[in-house]
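Please construct the entire structure, taking both the sequences and the accompanying hints into account.
2 protein chains.
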Amino acid sequence: MYVAVVGKGLVGAEFVDQLLSLPVPSNPFNIFSISSSKKTWIRPQGLVHTEWKKAFESSASDASDTVTLLKSTLGTEMETLVKAGHKVVLVDNTSSDTIAQLYPRFLSAGVNVITPNKKAFSSDLTLYEEILTAGMSSGAKFYNESTVGAGLPVISTLKDLVTTGDNVSKIEGVFSGTMSYIFNNFSTSSRNGPTFSSVVTKARELGYTEPHPADDLNGADVARKLTILSRFIPELLPLLPQGYISVDTKSLVPPALKNIATGDEFIQALPTFDDAMERLRTEALQEGKVLRYVGVIDVATQTIKASLEKYDVNHAFATSLGGSDNIIMFHTNRYGERPLIIQGAGAGAAVTAMGVLSDLLRFT
Amino acid sequence: MYVAVVGKGLVGAEFVDQLLSLPVPSNPFNIFSISSSKKTWIRPQGLVHTEWKKAFESSASDASDTVTLLKSTLGTEMETLVKAGHKVVLVDNTSSDTIAQLYPRFLSAGVNVITPNKKAFSSDLTLYEEILTAGMSSGAKFYNESTVGAGLPVISTLKDLVTTGDNVSKIEGVFSGTMSYIFNNFSTSSRNGPTFSSVVTKARELGYTEPHPADDLNGADVARKLTILSRFIPELLPLLPQGYISVDTKSLVPPALKNIATGDEFIQALPTFDDAMERLRTEALQEGKVLRYVGVIDVATQTIKASLEKYDVNHAFATSLGGSDNIIMFHTNRYGERPLIIQGAGAGAAVTAMGVLSDLLRFT
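Residue numbers (UniProt numbering), protein chains in the order written: chain A, 1 to 364; chain B, 1 to 364.
Everything labelled a hint here was simulated from the structure, so no lab data went into it.
As the structure is a computational prediction, the values presented were derived from the model and not from experiment.
A virtual CB, placed ideally from N, CA and C, is assigned to each residue, including glycine.
One thing to keep in mind: the hints can contain errors.
[Claimed, not checked] Pairs of lysine to any residue residues, derived as SDA-like cross-links and limited to a Cα-Cα distance of at most 20 Å, are as follows:
| no. | chain 1 | residue 1 | chain 2 | residue 2 |
| --- | --- | --- | --- | --- |
| 1 | B | K159 | A | L361 |
| 2 | A | K289 | B | S320 |
| 3 | B | K159 | A | R362 |
| 4 | B | K159 | A | N27 |
| 5 | A | K159 | B | P28 |
| 6 | B | K310 | A | T319 |
[Said to hold, decoys possible] Residues of chain A clear of chain B, computed beta-carbon distances all greater than 12 Å:
| no. | residue |
| --- | --- |
| 7 | N30 |
| 8 | N192 |
| 9 | R334 |
Here it is, written out as structure tokens:
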């Protein structure tokens, strides 16, 4: 099997390392191309196991833009391999919208696509439908387990529930590792706690937020994940005609800070708004509750929302979450009153790459 | 794809119903044979969707023993289909040891095997190794997701962790729905509670126990599940030379009741032993703990045990379990200090059949 890896960032590099570490006799994968944002390496004979990073850096490889290459040399190479009867997989470890636009083209040509890139599955419905159609026409597969919950088996579980005929009535969870960390620390069952801005600052220092924390606090990442999951639920398909499943998203970015350009300025200005968050926390605690930023897909009422909600101090979102855990509850007909729950780290290069590699291993 | 279903009990019948309910255009499966304990039906043209149970009951089908048929007519039919280039899957929904013994034969012949039957994977190592070898020689697959946690993605998650190169250091969980129900009700954070025998009696009335509750209380079911999981962990393979991975199993059957023949007599005699369980409960509570019957695989110390343990009232096994939930925690290198957790109903025909069907859908 031939694998082309696009994206050599944290996840991409970790993915190549994990793939090259598979036990050799059972490793049927030949990485024949790697692209960084700066250059692309095509080696139909496959990569040497050790020191691939150094070899890549020092090689005189094609420095054309990846998208251009995917449309020319690299694209042609993949298609040639498919025509020769090989299984070919494009692993897109970028978050590029432009590369996502190319998926239908490759799927049509019989190239399988695996990605943690949320763009193709949470943006315009036309692209999503083109992907489905292209895959069906050629038989090529696309897998995107790592787009929700990183290495946690969230999408595969939802697919299994739906394809085996269970009825999913509600999915509810903490889908953002960043939001999880922030509220696990900000809102606990004890009366006093750190200020909201201090928790966000610490999360940023620990590398849990995007460089600009507003990119987490605006809830867009959670909304994208809810969109991805919603599209697997047959009962929600009637909501699709607008081209998007509309997610009612509560942004935690104070309106006055909406247009602040840099993360540093944002962090400096945030304490001004601590009082407002403090009031919410106190109000929750007076009801015996904590605050959690959750995503909810309620199939019965057809509402999908990413928002700040209050949960009883005895609820699993209060008692069992810690660190930057994700937790996802599937309420279904077969599981009855007690949901199927999946919990664990939902971000980080190692677990995200593992999710991508698990998708690849489905081909074995 | 051709599917032969052996076993038409609760899980078997539910499996056939679920399979026949798959949307028709995307249902590539042709159930060409069904066996109950009384007779076998072979219909190479496939089953009619509706009313298959009635048709089965009223048909004049071969009443030979299933094992005999698997070795003759049915076996030959499966092998003929394989030779004709079809994908053939044997779905064993029994708990028969004799049928499990036949897996290597069919796997060698290219017949894929899917089963919730724990026997083949938790008994003699020779059989297990024959299964692995047979599958590797022909390329036929065997999947057994439902043997642990029913429809919960426990085995697939463990396989993904291991095959992608993560190091599993510990697996800890409540693996028996029966034991979960009993201890969730018997041992809570409040001082007073029902007697042990009354909880077991109620569990039996609700159908949560085997007809003879000693078959649950002896811990053997948990030990089997631990054996199945252990065999996926490379670091534990050195423990295998005895032919079994030895599971240190704590039975909750009072020694004096070990040889009681019927479930009814067992239930009648159980109250005599309530004091002993009551002492354990009180002792735990004095330490701020509850009792849970758990399975633990500790890779570092190479100990595998099924036993009654005490957990802090704030531990997830105390706070987040309810009903007859299973919960399984995977402690791994990549997940770090916070384990990957899977929780939900781990028994029942609907979710068990769903796990079996999910395994079958991997072939699409």
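Taking the hints in turn, this is what the structure says about them:
{"no.": "1", "hint": "B:K159 <-> A:L361", "verdict": "holds (10 Å)"}
{"no.": "2", "hint": "A:K289 <-> B:S320", "verdict": "holds (16 Å)"}
{"no.": "3", "hint": "B:K159 <-> A:R362", "verdict": "holds (11 Å)"}
{"no.": "4", "hint": "B:K159 <-> A:N27", "verdict": "holds (15 Å)"}
{"no.": "5", "hint": "A:K159 <-> B:P28", "verdict": "holds (17 Å)"}
{"no.": "6", "hint": "B:K310 <-> A:T319", "verdict": "holds (18 Å)"}
{"no.": "7", "hint": "N30", "verdict": "holds (18 Å)"}
{"no.": "8", "hint": "N192", "verdict": "holds (20 Å)"}
{"no.": "9", "hint": "R334", "verdict": "violated (4 Å)"}
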